[in-house]
Structure formats: structure tokens, C-alpha cells
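Chemist: Each protein sequence line maps, in turn, to chains A and B.
Per numbering that gives the first Met the number 0, residue 0 is the first one in the first sequence, and the count goes up by one each step.
Per numbering that gives the first Met the number 0, residue 0 is the first one in the second sequence, and the count goes up by one each step.
Keep in mind the hints are simulated off the structure, nothing from the lab.
Check before you lean on any hint, since a few could be wrong.
Unchecked claim - Derived CB-CB ranges, DEER-like:
#, chain 1, residue 1, chain 2, residue 2, range
1, B, Glu83, A, Asp209, 51 to 61 Å
2, A, Asp328, B, Asn80, 51 to 61 Å
3, A, Ala508, B, Lys79, 53 to 63 Å
4, A, Lys385, B, Arg106, 17 to 27 Å
5, A, Arg238, B, Asn80, 28 to 38 Å
6, A, Asp157, B, Lys109, 53 to 63 Å
7, A, Asp349, B, Asn80, 20 to 30 Å
8, B, Thr68, A, Asp209, 30 to 40 Å
9, B, Thr68, A, Asp166, 40 to 50 Å
10, A, Asn512, B, Lys109, 43 to 53 Å
11, A, Asp349, B, Glu83, 22 to 32 Å
As the list claims (entries may be wrong) - Calculated pairs, BS3-like style, for lysine-lysine (alpha carbon to alpha carbon, straight line, at most 25 Å):
#, chain 1, residue 1, chain 2, residue 2
12, A, Lys302, A, Lys330
13, B, Lys109, A, Lys427
14, A, Lys168, A, Lys215
15, A, Lys468, A, Lys351
16, A, Lys216, A, Lys276
17, A, Lys469, A, Lys360
18, A, Lys371, A, Lys276
19, A, Lys557, B, Lys82
20, A, Lys174, B, Lys82
21, A, Lys427, A, Lys174
22, A, Lys187, A, Lys168
23, A, Lys111, A, Lys366
24, A, Lys302, A, Lys187
25, B, Lys103, A, Lys427
26, A, Lys351, A, Lys302
27, A, Lys366, A, Lys351
28, B, Lys103, A, Lys385
29, A, Lys330, A, Lys468
30, B, Lys103, A, Lys174
31, A, Lys230, A, Lys351
32, A, Lys385, B, Lys109
Bear in mind that the values here come from a model prediction, so they are computed numbers and not experimental data.
Even for Gly, the Cβ is constructed at its ideal location relative to N, Cα and C.
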Amino acid sequence: MFGKAASVTGMLSLAIGITISGPALAQPVDTALIDTGSANDWLTYHGSYKSYHYSPLDQINTGNVRDLQVAWIHVPGRSTRGLQSMPLAADGVLYYTGSHSRTFALDGATGKVIWSYIPELDEALVARQTHSPYNRGAAIGEGKVFVGTVDGRLIALDMKTGKPAWDTKLINSQKLTVGFTGAPLYAKGVVVIGAQGGEWPYRGPIFGVDAATGQKKWEFLTVGGTDDALKTWGNESWRTGGGGGWMPGTFDTASNTIWWGTANPAPLYDWSGPDYKTSGARPGDNLYTTSVIGLDIDTGQLKFYHQELPHDAWDFDSAVGEFVMLDRDGKHYVIHPNKSGFIFVYDRADAKVENVWPLVKNINFVKTIDPKTGELIGRRDFQAGKVAEPLCPHISGGVSWNSGSYNPATGMYYKLGQEWCMTLEVVKTTPITEPQAQLNLGAVFKIAPPPGGEIYGHLDARDPITGAKKWEVRFPEPPLGSVMSTAGNLVFVPDSRGTVHAYTATTGAELWNHGDGLGHQGGIISYAAGGKQYVAVVAGFGGMAADDYAPTFGEPYKSMPRDEGVLVVYSLK
Amino acid sequence: MPTPGFRTWLWVAGLIVAVSAMPARTQPGNSPSGQSAVDVQTLFASTCGFCHSDGGRAAGKGPQLMNTTRTDEFLRDRIKNGKEGAMPAFGQMLSDADIDAIIKYIRELKPEGQG
Numbered sequence: 000m001f002g003k004a005a006s007v008t009g010m011l012s013l014a015i016g017i018t019i020s021g022p023a024l025a026q027p028v029d030t031a032l033i034d035t036g037s038a039n040d041w042l043t044y045h046g047s048y049k050s051y052h053y054s055p056l057d058q059i060n061t062g063n064v065r066d067l068q069v070a071w072i073h074v075p076g077r078s079t080r081g082l083q084s085m086p087l088a089a090d091g092v093l094y095y096t097g098s099h100s101r102t103f104a105l106d107g108a109t110g111k112v113i114w115s116y117i118p119e120l121d122e123a124l125v126a127r128q129t130h131s132p133y134n135r136g137a138a139i140g141e142g143k144v145f146v147g148t149v150d151g152r153l154i155a156l157d158m159k160t161g162k163p164a165w166d167t168k169l170i171n172s173q174k175l176t177v178g179f180t181g182a183p184l185y186a187k188g189v190v191v192i193g194a195q196g197g198e199w200p201y202r203g204p205i206f207g208v209d210a211a212t213g214q215k216k217w218e219f220l221t222v223g224g225t226d227d228a229l230k231t232w233g234n235e236s237w238r239t240g241g242g243g244g245w246m247p248g249t250f251d252t253a254s255n256t257i258w259w260g261t262a263n264p265a266p267l268y269d270w271s272g273p274d275y276k277t278s279g280a281r282p283g284d285n286l287y288t289t290s291v292i293g294l295d296i297d298t299g300q301l302k303f304y305h306q307e308l309p310h311d312a313w314d315f316d317s318a319v320g321e322f323v324m325l326d327r328d329g330k331h332y333v334i335h336p337n338k339s340g341f342i343f344v345y346d347r348a349d350a351k352v353e354n355v356w357p358l359v360k361n362i363n364f365v366k367t368i369d370p371k372t373g374e375l376i377g378r379r380d381f382q383a384g385k386v387a388e389p390l391c392p393h394i395s396g397g398v399s400w401n402s403g404s405y406n407p408a409t410g411m412y413y414k415l416g417q418e419w420c421m422t423l424e425v426v427k428t429t430p431i432t433e434p435q436a437q438l439n440l441g442a443v444f445k446i447a448p449p450p451g452g453e454i455y456g457h458l459d460a461r462d463p464i465t466g467a468k469k470w471e472v473r474f475p476e477p478p479l480g481s482v483m484s485t486a487g488n489l490v491f492v493p494d495s496r497g498t499v500h501a502y503t504a505t506t507g508a509e510l511w512n513h514g515d516g517l518g519h520q521g522g523i524i525s526y527a528a529g530g531k532q533y534v535a536v537v538a539g540f541g542g543m544a545a546d547d548y549a550p551t552f553g554e555p556y557k558s559m560p561r562d563e564g565v566l567v568v569y570s571l572k
Numbered sequence: 000m001p002t003p004g005f006r007t008w009l010w011v012a013g014l015i016v017a018v019s020a021m022p023a024r025t026q027p028g029n030s031p032s033g034q035s036a037v038d039v040q041t042l043f044a045s046t047c048g049f050c051h052s053d054g055g056r057a058a059g060k061g062p063q064l065m066n067t068t069r070t071d072e073f074l075r076d077r078i079k080n081g082k083e084g085a086m087p088a089f090g091q092m093l094s095d096a097d098i099d100a101i102i103k104y105i106r107e108l109k110p111e112g113q114g
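Take the sequences, apply the hints, and build the full model.
Modeler: Printed below as a string of C-alpha cells:
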């Protein structure tokens with residue numbers, strides 16, 4: 000299936016040495032193209048529906064990456080809280096978004112602005128939001144570029160001109176406070192986008208919108224979205240349950256299924272003690288929070304799910320990261336990271352757990368997760384009051400919401416892990432919904448180093464299914480951006496200090512690095528334009544996890560601006 | 000009606016003092032707890048603590064509040080109007096009495112375990 004096709008392409012490209020096609024035929028970006036992947040392009044957030052964050056291009060490779068240099072840069076402006084987006088590329092045009100959902104189409108070879116679209120947001124609402132005004136990227140399909148806004152809208156722009164085709168309000172953000180920070184996903188005539196929600200007292204909707212008209216087709220409530228799910232929320236706690244699906248998943252064309260990750264329940268920290276099924280702020284398993292779900296793309300009906308963390312009491316969402324569609328020995332898998340740092344390996348047919356393995360060392364919210372069943376063993380459920388032993392990982396997670404990469408040529412999964420913990424005191428809170436929804440955390444807390452050690456981050460090369468480690472590179476401060484690997488046998492990692500690194504994918508040897516001037520907390524892609532391969536990365540540091548870096552680590556974070564951003568594009572001379 | 004005597008005036012004065020000493024009655028949708036002024040400890044655990052670590056005792060995503068040298072006016076303005084990209088504006092959510100209570104809480108913050 001797809002995995003085999005990709006590795007054949009990878010092998011061919013290594014053999015031939017050039018995979019860049021000749022004069023680009025303007026193929027429409029449609030489901031079929033996104034599904035098979037297009038070597039010169041990056042057509043969806045995760046690269047293709049396979050979700051590999053991998054480029055089959057190898058014009059840039061281990062032999063010449065030392066000569067990689069800046070080709071051009073673009074400054075999007077008004078980069079409040081830095082840049083967090085994944086660029087896209089189609090037919091030599093690069094599309095990307097900045098803060099406040101500013102959207103740009105640039106000539107991929109020169110950086111020349113083809114068009115820009117600056118949506119007008121409800122500024123008074125933005126001023127009242129916590130996570131605003133991030134934007135993590137766009138989707139493309141059917142001649143349109145789709146982008147969400149923090150004031151609850153999904154906008155479609157004409158791909159050629161940037162003129163708005165439709166602008167649909169999906170959430171009453173004025174009331175719910177939240178909107179959309181994540182990139183949407185285009186597939187089969189539908190644009191799917193999920194709301195922020197975990198900390199917020201509502202029900203975390205995910206929407207399917209008609210790509211042509213902007214009409215809402217369906218809405219799935221991640222909190223109590225079915226009758227069975229409602230039963231898992233005692234004392235009507237589903238009314239203020241949190242949830243959401245704030246990063247894009249992927250699409251399995253073979254089964255017409257959207258795979259999506261859902262966010263944590265609210266309050267984040269419960270005071271139930273061990274008896275979480277019958278006491279505390281939200282008694283029960285709290286479906287379908289902190290789950291991976293399979294939805295029918297046409298109807299939004301739930302087909303299957305696996306709740307990665309039943310009664311998540313630690314804010315370790317499933318809304319993060321990639322959904323690697325991998326085939327091995329005749330079996331079809333989906334590999335998905337949970338924010339806690341556990342990696343889940345699923346059967347693609349029904350999300351049955353095939354394996355669970357830990358990416359990070361410092362995990363103590365559970366003793367372990369049963370690799371055969373996904374059952375949490377030795378979970379720590381707190382009562383109100385100070386928690387004696389620090390909780391690991393920290394609320395920023397064992398992994399970021401950004402993505403790792405699967406390289407079909409090496410068979411390795413390249414993923415960033417974060418080693419940090421937190422002290423906390425759990426406090427009983429009451430959800431606030433008037434006049435506008437407010438955060439409902441349930442604890443006061445502080446970042447702490449791991450027991451007996453320092454905070455650090457690491458890039459691992461692992462077998463995606465077994466978790467067996469091939470190599471590891473350590474960083475003194477955890478990198479927060481996405482990872483990309485290529486057929487040139489390279490892994491690219493943009494770090495928090497502002498340096499982009501290129502490593503040999505097979506061995507982890509560092510071959511090249513370059514300073515972008517700002518820390519990274521967003522995406523990195525590769526594409527071709529005019530017969531030449533480019534690597535594009537966003538730089539700009541200032542999101543929620545990044546906010547802890549200055550007080551924790553000092554420089555360069557202390558003097559690093561938090562509201563600046565730049566798109567840097569590299570190529571060989 | 001006869002001119003109010005001294006005792007009447009005393010009673011009225013007492014009433015006026017009593018009424019003005021009552022914490023401000025909340026308007027619907029004003030103080031989130033529905034009480035006269037917000038419980039600041041709980042507010043930190045639900046909302047402020049996302050960025051102000053350890054109840055405001057430590058710098059984290061947001062600055063340390065304990066021992067801040069900022070004036071009351073600065074704090075009031077910051078809480079009401081926020082700071083772009085850094086702190087949300089809470090003016091719609093919190094009444095003046097709520098903000099008074101928060102400022103009082105900040106001024107009284109001590110390291111862990113000290114009152």
C-alpha cells in the first residue's frame with residue numbers, strides 16, 4: 000500500500016539521484032494527489048495523508064548539505080507569540096500563515112509575494128484569549144486555501160488570487176472564548192477543523208465543512224458526543240467538559256475515515272483521588288477526551304476510538320502530533336504520539352492497540368501503560384492539596400504538539416522528547432461560563448527538573464512499532480518545533496535556541512546547522528520549484544511552552560523577542 | 000412629617016455606613032463566583048495559574064507577582080486590559096472589587112509555607 004509505494008520511490012530516488020520532475024504540470028490539488036503524495040510539493044499539514052513529514056526529494060543530501068544556504072526570507076509581520084505554522088507548497092508556490100491568521104502565497108524560488116490575505120479579527124476578543132492569536136497552518140484543495148481563526152471562523156481563499164471565497168463562523172467565540180488555532184485538513188470535498196477546548200468549559204467541537212460552499216456539514220462534540228459517551232461524565236460534568244481537537248489529523252482513503260486526536264478534559268487536574276469513576280470534578284472516563292477517534296468523513300459519525308488516557312487528570316492530550324500510516328509485514332498501522340510521551344501503535348482498521356512504548360524517561364503519572372491493551376497501570380490520581388512527589392512530565396508534555404517524522408527509506412521514526420516535571424497543588428475550582436468562558440485548570444503549579452537531573456530534550460531515531468532506539472541526540476533545552484526527514488538521508492530539526500540542524504538519518508551524525516535568529520516552535524517542509532529543492536522553516540518563539548524558557552534557562556531566551564517571526568528558506572547554491 | 004430626631008439620624012447614618020461597607024453587589028455576569036468578591040486562591044487555580052506559577056510566587060510563563068514593585072494602578076490596568084500576546088484582558092470578567100481582592104492577595108503573597 001502507501002508505505003510500500005513510498006519506499007519504492009525512496010529507493011528509486013536514491014538510485015537515480017534526482018526526483019525533481021520536469022516542467023510542472025499544474026495538477027489540481029485534490030484528494031488523490033494528497034493521498035499519493037507529490038514529490039515536489041507539501042500538500043497538507045503532515046506532508047501527505049500518510050503523515051510522514053517526509054520529503055522524497057534528494058537533491059539536497061548527505062553529500063552536499065554542508066553547502067545549504069539561505070535562498071530567501073519572508074517576514075509576515077505582526078508575529079504575536081512567534082510563528083507556529085507548517086508551510087505548504089504546490090506547483091512551486093509556497094503558502095503559509097502567521098499569527099492573526101495572516102496568509103501568504105509566495106513564489107517558492109524567490110520569495111516574491113504573489114498574494115496576501117489579512118483577515119480582520121475581533122480584536123477585543125483576541126485580547127481576552129489565552130492562546131491567541133496563534134495559527135498553525137492552512138489546508139489546500141479544490142483551488143482554495145483554507146485557514147481558521149481564533150475568533151471561531153473558517154475562511155476559504157482562492158488559491159490563485161487570495162480573494163476570499165467564503166468565511167464561515169463555526170463557533171461563538173465571544174461566548175466560548177476559544178476558536179481555532181490549528182490547521183484544517185482538506186479531504187474528499189470536506190474541510191475538517193477542530194476547536195481549542197481542553198481547558199475551557201464547553202464540549203470541544205470538531206467540524207466538517209463543505210469545501211465548495213463553506214456550509215457546515217457536520218459537527219462532532221468530543222465531550223459526550225454520543226449517548227454512550229455522555230454516561231462517562233458524572234454530575235452533568237459534560238456541560239463544561241473541555242475536549243476539542245486543536246491540531247489536524249489525517250484521512251484514510253481506503254476506509255473513508257478521518258483520524259483525529261482529541262484534547263484533555265476540564266478541569267485539567269481533578270481532586271477525585273483514586274475513585275475517579277464516582278467522585279471528583281468529572282466522575283467517569285470522560286469520553287471522548289484524550290482519545291484518537293475515527294470519523295466518517297461525510298457524516299462525522301464516530302466509527303471507532305481508543306481513549307489513550309481514560310479520565311485524563313494531567314492534561315496529556317491526544318490532540319497532538321502525527322498519525323503515521325505505516326504498513327509492515329502485511330499489517331496496516333497508525334502510529335500516534337500522546338502528549339505524555341507515550342507512543343501508541345494502532346491497527347488502522349479500528350484503533351485497536353497493537354503496542355504502546357515510552358519515548359521519554361521521566362514519566363510518573365502512571366507506572367506504565369500495558370503495551371497489549373493500553374490499560375494505564377499505577378495511575379496517579381490526586382486529591383486536593385499539595386502533591387508530594389513532582390509530576391512527570393511537565394504540563395508542556397513529554398512531546399510537543401508539533402510533529403515527528405517517519406522515513407520510509409530508513410524505516411525509522413524521528414521524534415523529539417522532552418524531559419521535565421512539575422510541582423503542583425490541586426485546588427477545587429468551579430467552571431466559569433459567564434459572561435465568557437474562562438480557563439478551568441484545577442491546580443497551581445511550577446516547572447521542576449526531573450528527579451536527580453536536569454531538564455533536557457532529545458531527538459530519537461526509533462523503530463516506530465517496537466520503540467527500539469537506534470540513536471539519540473541531546474539538547475540542553477527541549478526543541479519544540481516539528482521534525483522533517485528526506486530521501487537525501489537527512490533529518491532536519493529546528494531547535495529552541497534558533498538553530499536548524501541537519502543530521503544523517505541513518506546515524507545521527509550532525510552535518511550542517513544554521514542560525515535563524517529566533518527559536519523555533521513550528522513547521523519545516525521541503526519542496527521543489529524550477530527544478531531546485533528548498534527547505535522552508537518558520538522561526539519565532541513565544542507560545543505557551545516557550546514562555547517557560549526565559550525564567551528556567553536564562554539566555555538566549557531572556558533577550559529573545561516573543562512577538563517576532565520569520566520564514567527562512569534554504570537551498571544549495 | 001416631624002423633623003427627624005437625633006436617633007433617627009443616627010439610625011440613617013448607621014444604615015449608610017453599613018450599606019457602603021458591604022462588598023459591591025455583583026451585577027449578573029460580573030464577578031464569576033457570584034459572590035461579592037472573587038476567591039483569589041481559587042481564581043489562581045482555575046485561571047491565573049496557567050502563567051503565574053505557584054500561585055504567583057514564582058516567575059514562569061508570566062512574571063513573579065510576589066514582591067512585585069508594580070503599583071496598584073499598574074496591576075489594575077494590566078488585569079483589566081491585558082497585554083497583547085502576553086496576558087488576556089480580564090476587565091469583562093472581573094469587577095473592581097474582584098481586582099481589589101487580587102491586588103490584596105498579590106501584596107500578601109509570601110514564599111511557600113510562610114503564612
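Chemist: Are the Cα atoms of A/Lys468 and A/Lys351 separated by 25 Å or less?
Modeler: holds (24 Å)
Chemist: Is A/Lys351 close enough to A/Lys302, meaning Cα to Cα at most 25 Å?
Modeler: holds (12 Å)
Chemist: Is it true that the CA of A/Lys366 sits at most 25 Å from the CA of A/Lys351?
Modeler: Status holds; Cα separation ~22 Å.
Chemist: Holds or violated: are the alpha carbons of A/Lys174 and B/Lys82 at most 25 Å from each other?
Modeler: Holds - the C-alpha atoms of B/Lys82 and A/Lys174 are around 21 Å apart, at most 25 Å.
Chemist: Is the Cα-Cα distance between B/Lys103 and A/Lys385 25 Å or less?
Modeler: Holds: B/Lys103 and A/Lys385 sit about 23 Å apart, inside 25 Å.
Chemist: Would you mind confirming whether the straight-line C-alpha gap from A/Lys371 to A/Lys276 stays at or under 25 Å?
Modeler: holds (23 Å)
Chemist: Could one say that the CB atoms of A/Asp328 and B/Asn80 fall in the range 51 to 61 Å?
Modeler: Distance hint for A/Asp328, B/Asn80 holds at roughly 60 Å.
Chemist: For A/Lys385 and B/Arg106, compare the CB-CB distance with the range 17 to 27 Å and indicate the outcome.
Modeler: Holds: the Cβ-Cβ distance is about 23 Å, inside 17 to 27 Å.
Chemist: Is it true that the CA of A/Lys469 sits at most 25 Å from the CA of A/Lys360?
Modeler: Roughly 16 Å between the alpha carbons, so the hint for A/Lys469 and A/Lys360 holds.
Chemist: Would you say the C-beta atoms of A/Asn512 and B/Lys109 sit inside 43 to 53 Å of each other?
Modeler: holds (46 Å)
Chemist: CB of A/Asp157 to CB of B/Lys109, is that within 53 to 63 Å?
Modeler: Given about 59 Å between the Cβ atoms, the range holds.
Chemist: Against the range 28 to 38 Å, how does the distance between the Cβ atoms of A/Arg238 and B/Asn80 compare: consistent or not?
Modeler: For B/Asn80 against A/Arg238, whose Cβ atoms are near 30 Å apart, the range 28 to 38 Å holds.
Checked against the numbered hints given earlier, the structure breaks hints 1, 7, 8, 11, 16, 23 and 30 and satisfies all the rest.
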